Every structure is written in C-alpha cells, then in structure tokens.
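Q: Each chain is listed here by its residues.
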Amino acid sequence: MIEFKNIGKTYPNGVVALKNVSLTIEPGQFVAIIGLSGAGKSTLIRLVNKMEDVTVGSLFAEGLNIPTLKGKALRQYRRRVGMVFQSFNLINRTTVINNVLAARVPDMNPIASTFGFFSKKDKLIALEALNKVGILEKAYIRADQLSGGQQQRVALARTLAQNPSIILADEPVASLDPITANQIMSDFERINKEENITILVNMHHVDLALKYASRVIGINEGEIVYDGSTTDITENILKTIYGRELTDEDIMFKDK
Amino acid sequence: MKTLCSKISNYIKTLVERNHNFRTTTLKDGSIITRPFSYSIMTLALTFAVIFFFWNMIVTRFFSEFGARNFFQNIPNFFTIIKSMVVDVNWSYFSNILGPMADTIRIAVIGTAVGSLIAVPVAILASQNIMGKSRIPGVVKFFLSIIRTFPLLVYALILSYIFGYGPYVGVLATIVFTFGIITKMMYEIIETTDMGPFIAIEATGATKIQAFRAAVVPQIMGRFFSIVLYIFEINLRASAILGFVNAGGIGRIMNDQMALRAYGDVAVMVLGLLFVIIVVQNISQYLRGRLS
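First to last, the sequence lines map onto chains G and C.
Counting in the working numbering, the first sequence runs from 5 upward without gaps.
Counting in the working numbering, the second sequence runs from -12 upward without gaps.
No lab work stands behind these hints: they were computed from the structure.
Quantities reported herein were computed from a predicted structural model and do not represent experimental measurements.
Check each hint, because a few of them may be wrong.
Stated by the list, open to error - Derived DSS-like pairs: lysine-lysine, alpha-carbon spacing no greater than 27 Å straight-line: (1) C:LYS(-6) / C:LYS15; (2) G:LYS23 / G:LYS197; (3) C:LYS195 / C:LYS120; (4) G:LYS125 / G:LYS142; (5) G:LYS142 / G:LYS74; (6) C:LYS120 / G:LYS127; (7) G:LYS74 / C:LYS120; (8) C:LYS70 / G:LYS136; (9) G:LYS76 / C:LYS171; (10) G:LYS142 / G:LYS54; (11) C:LYS195 / G:LYS74; (12) G:LYS215 / G:LYS243; (13) C:LYS171 / G:LYS54; (14) G:LYS197 / G:LYS215; (15) G:LYS243 / G:LYS197; (16) C:LYS195 / G:LYS124; (17) G:LYS125 / C:LYS195; (18) G:LYS243 / G:LYS9; (19) G:LYS124 / G:LYS74; (20) G:LYS54 / C:LYS195.
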C-alpha cells in the first residue's frame, strides 16, 4: 500500500510541483496518472522511490516512512520498487542480458559484481524476465541494436529481475509508435495481473490509460482533480484535467 | 581583464544592435526573425591578437638577445654531429644498451600501469555527476591541477633528490605523471557519459559504486584503455630522457656518452630507441583502433 498524506513539493528554484496531495494506492492496482506536461505527474511518481524528496506531508509505502529512509534502508526499499523510464536508460554498449543482470547487482557480493561474474541463478532470473516480456531470443544482442519498443521491454525485464512489488513507470510509451505503445501497455497489464505487482504509470495518451489501467488519477497544476475508476471518466472530467475539451485530434488511437 | 572584455563586448553589442537590420530577416507573411549576436568573430580576432603578441615578443627577442647571426652560424654544428654519428657508428656498443633499454621499457610499463590503476578511483571522486552535490570533486580537482603543474622530468628531478638515483625513481616519477594526466582525462569522460543508465541502476537499490560499475564502466572502458595506451607511448618516449636526471634507463648512458662525445655509441642508442618506439607505437595504434 502506498499512502500520500497532504503532500506538497516545491523545487529549489521555486516551482510548485504538487499541492496538498492525498492518495491511497492498494496493492495490485494499475494506476494511470494523466495530466498536462508540467502538471506534476513525474514528481508524484519520483516521490515514491525517493528520487525526489517530499517538501511537506508524509508518504508511506510498504509500511515504511519514505521521507526518512536513508542509506541501506533506502536501498533495500528500492529493491522492491522497480522503475521504467521514457528514455529506457539502458546501457547501450553491452548485451541485453547484461542490462537485465544489472538489476541483480545490489544483491550480489561486491567482488563478483566488480568483475561482472553473475551466478547461474541470477542468469536464470534474467532470462526468465526476458521471457516474460517476449524477447528471450534477443538476450545476447547488444542493447543499442534493438528497436525502441524492444528496448523498453528490456527495461521492463530489468525491473522484473529485481522482483519488485511496485513498478513506477515515467511515461514509458511516450517515445514509441502507437502499435508498440499498445504492446508495451499490454505487457504492463499482464504483469500487473499475473504477478500482482502494483503499477503506477504516467501517461500522455488518455485512451491508452483508459484502456489498460483500472484507476485513473488526473492532475492539474499540482492538484488532484480526479481520482476514480476508468469506467467513470466522462468528457467533463477530462475537461477539468486538461483545462479544455479533448477533440478527436487529441486522442491518438481511437479504439472503435 | 574580465570587466574589460565584457565592456568591449557590450560596446560591440550596442553597435550591432543599433543597426541590426542586416541580421533581421522578414518573411513574406511579415514574420520577423533576428539572428542573435555571435561571439565567433570576436573570439577569432582575440586569438589572432594573442598569437601576434607572442610572436612579436619571441621574434624580437630572437633578433636582439640570441642573435640571428649566431643561430645561422651554428647550424653546421648539427651536421657535424650527424656526420660523426653516421661515420663512426659503433655497432659493438649494442650489447651495452640492452640493459638500460630494458630499464626504460620497464619504467614506462610499470609507471603507466600503476599510475593508471591509482587514477581510476580518484577520477571517480573527481566526477561531479557521480558524487552528487558533494564538495569532494572540487577539492580533488584542485589537487589534481597542482599535480599536473609539473612535467615528468621535474618530478624525476625532485624525486631523485629525495630517493637517490636509479630506475625506481623513474618509475615513481612516471606513476605521478601518469596519475595526473589519466585522472584528468578520465573524469572528463565520466562527466560526459550518459547518466540515464546510472540513475536506472541506482533506482534498483544499488549503491553509487555498484551503479557505476554496472552502468558507467561499460560506457567508458574502451576509451580508458585507449588513453592508457596513448599515455604509455608518451611515457616511453619521456622515460628515454629520464636518465638525464639520473632516474635510470637509456638516458643515463646516453648522457654519459654524449658528454664523452662518443657520437658513434649515441648513434646506436638513437637507432635502438627509434626501433622500440616505432614498434610500440604501431602496436598501440593497432590496439586502440580495435578498441574504438
């Protein structure tokens, strides 16, 4: 369970990213966060694994008081929280399997990780993770030779290899074409259902969010303006999230 | 100096702004786009001014103090030495250069290897992007810039006063010199690597060291070895003259034989050195080509 209580976040340069945000996310939920660029979506997600610090309010996750976590405790907590980025953030100059194995590094003994010796068990975990996202056959290819969609799958496999209970995804499909974006989202959906992993995903594509997520949180200028099931969303609610009505042109992939 | 520069640039700016029409393009529909003031012409002018300044100084001193006539009169001396090197080349001296030559190569190899190994952790400490907001990189960079102040020969001289004579002084000097250069080159490479993977691995709960090993090392490995090989080439050439300050190697006997005007022996040493350097350069170039 992730619990935001009256959270506010102000960046050192004075930008107010979040104002008085309160939320409870139950284990196993698939939550999509939508809103305009700069509305505070990324900040909200980055607070969860303490990539950003809370300014005011309290944040609990996995029974831990997140803002107080430091050093080893923080690293142990981060083992259980996976993160997927818009730009994939793969290590381009090495193979796919080495990228996935990088997620095993924190659990390894320091000497083995320094010289890059991975155990059979770790290799098997990495290969299983690649299999779950359907790119097992690319395991020994260099990461920079893959397409964008395949790279994002490697990133997803890397996250799975750390066996997380929460996955945070910061615009995972924003730099992908519509068809690949759909495939990646369905990967997320399958992982959410099969592994019962809580998923928080930032999105620009309203239709993808409505199609795959079970809950939608709408943010406008740092405040939550909608929080509820995907089925209850109406044109009016989207209007409050985005500040104006969405036209057909705004919806990138029509489903029907 | 800085205020003067900014005064001049401001003056030029106002001049340009007053009649900036030639920098402004108006399109058919009335849209206006203005090209911003560029500093490139000023930089070029400044560079020429600096070159002219030094050139003027050196040329003037050359003619007044050193004496151009003296210079041209002494040129034939060069050919005298070359001639005696060619005519009197003493092949029997060859066996005498093997030991010192091996010393020279050893100095370069050990000095480069140890110096670059020590350089790695310090280069990490000097990289602002890895160390976060810490002040350590600034301090480390400051000390590194002090270390880089002295050339190899000066280190050899200082160390020979402290530790006496012999090849190990050359090794120590080479270590310090290599360390200074490689840390500088490495932290510049580390600071310009793509930090995305590092952040991603850190987000999996890895420590900074683990994330560095997993995400940054694969990106910089090739360039690191390429730099080490290049510095090895430089060190080999430099360690040939380390002997001139009694720090061991071929330079020691070269210094002796030159003082005795035994140019025939010197010729053998020069040829031997030439051969070793060409071989090492070619191997290193081949390896560096493979690495990139």
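Q: Each hint needs a verdict: does it hold in this structure or not?
A: Quick rundown of the hints versus the structure:
no.	hint	result
1	C:LYS(-6) / C:LYS15	violated, 38 Å
2	G:LYS23 / G:LYS197	violated, 32 Å
3	C:LYS195 / C:LYS120	holds, 13 Å
4	G:LYS125 / G:LYS142	holds, 19 Å
5	G:LYS142 / G:LYS74	violated, 37 Å
6	C:LYS120 / G:LYS127	violated, 35 Å
7	G:LYS74 / C:LYS120	holds, 16 Å
8	C:LYS70 / G:LYS136	violated, 77 Å
9	G:LYS76 / C:LYS171	violated, 31 Å
10	G:LYS142 / G:LYS54	violated, 32 Å
11	C:LYS195 / G:LYS74	holds, 13 Å
12	G:LYS215 / G:LYS243	holds, 18 Å
13	C:LYS171 / G:LYS54	violated, 32 Å
14	G:LYS197 / G:LYS215	holds, 15 Å
15	G:LYS243 / G:LYS197	violated, 30 Å
16	C:LYS195 / G:LYS124	holds, 25 Å
17	G:LYS125 / C:LYS195	holds, 24 Å
18	G:LYS243 / G:LYS9	holds, 26 Å
19	G:LYS124 / G:LYS74	violated, 31 Å
20	G:LYS54 / C:LYS195	holds, 15 Å
Of the numbered hints given earlier, the model fails hints 1, 2, 5, 6, 8, 9, 10, 13, 15 and 19; all others are met.
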